Amino acid sequence: MAITVSRPKLNFRERLYLPAILSGMAITMRHFKNMLFGRTKVTMQYPEEKWDSHLPEHYRGAPALVRDDTGRVRCVACQLCEFICPPRAIKIIPGEFPAGDKFAKVEKFPHEFDIDMIRCIYCGLCEEVCPEQAIYLRKDYAITGFTRADMVHNKEKLLEMGGVMHGVVLKWNEKK
Amino acid sequence: MDFYFIATSLIKITALLAVVLGIMNYTVYAERRISALIQDRLGPNRVGPAGLFQPIADAAKFLLKEDFTPAHVNKFYYWLAPCLAMIPAITTLAVVPFGSTLFGVPMVIADINVGVLFVFAIASLGVYGIVLAGWSSNSKYSFLGGVRSTSQMISYELSLGLAVIPVFLLVGQLRLTEVVRYQIENGWMIAPFIGDWGNLHKWLLAIPMMISFVVFTIAIFAETNRLPFDLPEAETELVGGYHTEYGSMKFGLFFLGEYVAMITGSAIIVTLFLGGWHFPGVPDGSHGWGWGLLNIFIFFSKIAALLFVFIWVRWTLPRFRYDQLMRLGWVFFFEIALVNIFLMAIILAYFPQ
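From first to last, the protein sequence lines are chains A and B.
Its first residue numbered 6, the first sequence is counted upward by one per residue in my numbering.
Its first residue numbered 7, the second sequence is counted upward by one per residue in my numbering.
Simulated from the structure, these hints should not be mistaken for laboratory data.
Since we're looking at a predicted model, the values are computed, not measured.
The C-beta atom is built at its ideal place from N, Cα and C for all residues, glycine as well.
Treat the hints with caution; some may be incorrect.
As the list claims (entries may be wrong) - Example chain A residues on the side facing chain B (calculated, C-beta under 8 Å, incomplete):
#, residue
1, 8
2, 10
3, 29
4, 33
All chains, full assembly: derive it from the sequences and hints.
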């Protein structure tokens with residue numbers, strides 16, 4: 006079915022076009038002026054200005070390993086995070102504490118702990134699944150590197166990012 | 007043909023080319039910054055202070071890119087087209103007086119008596135670059151761009167040519183230095199009544215001059231393929247128009263050729279209608295080289311102001327539909343320019359000074 010769209014009847018002033026063009030140019034000039042004198046709010050200039058101080062508490066940045074008060078790596082190499090990780094970014098090689106060690110009761114520690122940050126999707130499942138509260142998603146978001154190898158965070162790097170986490174197991178308290 | 011003439015000419019050519027190419031690069035920068043400001047953005051502001059080195063970075067990028075020639079193109083014309091796009095735009099500047107005198111040397115490269123005819127003759131060659139690019143690329147987008155540009159440029163050249171006739175009816179000469187001299191003595195073409203407010207003759211002259219100015223400026227927009235007349239390179243319809251198949255510095259030549267054409271067009275508008283290098287109260291170069299330099303500066307300032315208008319219009323108006331474009335060219339501007347010539351002739355014949 007053909008639909009006839011009726012064209013609006015233009016008066017002389019509209020048919021002349023020039024007034025419309027001039028008013029359009031006035032609008033763009035207003036924008037230009039406001040920008041030029043800094044009266045328009047523009048986007049944040051990223052590398053100079055950052056939103057870091059406004060990041061929410063629940064922000065999910067890069068995952069990192071933490072130490073407890075005694076300086077022990079909290080991770081016990083249970084490999085639950087490795088198992089749950091959807092993109093399989095985590096690789097753990099467990100080691101065992103020798104008998105007689107101060108922490109022998111813990112039994113295991115991660116010999117190697119690699120997170121491939123190219124694969125990581127920042128889902129936070131590793132943090133959620135961890136029974137020991139050893140892995141946390143921190144607020145680092147600008148993870149860059151020149152090679153693929155640079156993008157793999159090893160245990161030292163993860164511990165350096167994580168720092169020390171004080172206190173007892175409070176994992177779900179804040180979410181209750 | 008003495009040594010003095012050749013030497014000064016060479017110096018003038020080199021200096022003018024350097025200045026124009028510099029302005030061209032910074033017009034691209036200005037276009038990007040001004041468009042950004044109009045659209046509430048910031049634009050390129052990273053390379054150097056306020057992004058001022060951006061053109062240098064762009065040029066380096068263009069030069070370092072691989073100069074790729076597609077297999078399916080007509081090699082000879084494919085290579086010829088970018089040159090033909092750039093050369094006429096620059097050549098036209100030869101006859102434009104860009105200053106009064108400097109150390110007694112007139113600041114115009116070739117003061118020839120066919121002045122504006124030379125401008126039109128050379129500027130029309132610019133269409134060949136685009137047509138050849140569109141045709142030799144052997145691609146339908148390029149071809150459509152080339153075809154569009156042919157009809158558009160030829161249509162608007164008519165009103166371009168007719169619009170300047172009133173100026174020459176008044177001046178009686180085609181020589182552009184004479185046009186500038188006339189404007190210095192009798193007031194700028196666009197507003198001859200300034201400083202001579204009681205003169206009815208000059209008020210009458212301003213009417214056809216204003217019409218001429220508007221028609222000529224719009225025709226220059228169309229000639230330089232600027233929005234709202236950018237159908238030959240309509241990105242949304244034709245990918246890139248006639249330069250779809252071009253890359254690297256060959257694309258750069260098209261891109262920069264458009265800006266040089268803008269500068270040339272502005273220079274001609276300034277010379278014909280806006281008093282050339284003249285500004286009320288500023289003496290010419292015979293009073294000292296400082297004044298001569300100031301005259302050149304005034305000329306380029308006027309060009310810069312016009313370039314701003316070019317950019318401003320581009321980021322305000324949407325593109326015409328093709329039938330609207332043709333109707334505008336043939337039904338409105340052609341007729342207006344034609345009637346305008348009669349109007350001017352009647353004023354000159356029946357309302358003498």
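Hints and how they fare:
1. Taken as an interface hint, residue 8 of chain A does not check out: its beta carbon lies about 20 Å from the nearest beta carbon of chain B, beyond 8 Å.
2. Hint on residue 10 of chain A is violated. Least Cβ distance to chain B is approximately 16 Å, over the 8 Å limit.
3. Evaluation of the residue 29 of chain A hint against chain B yields a held restraint, the C-beta minimum of about 5 Å falling below 8 Å.
4. For residue 33 of chain A, the interface hint holds, the least distance from its beta-carbon to any beta-carbon of chain B being 4 Å, beneath 8 Å.
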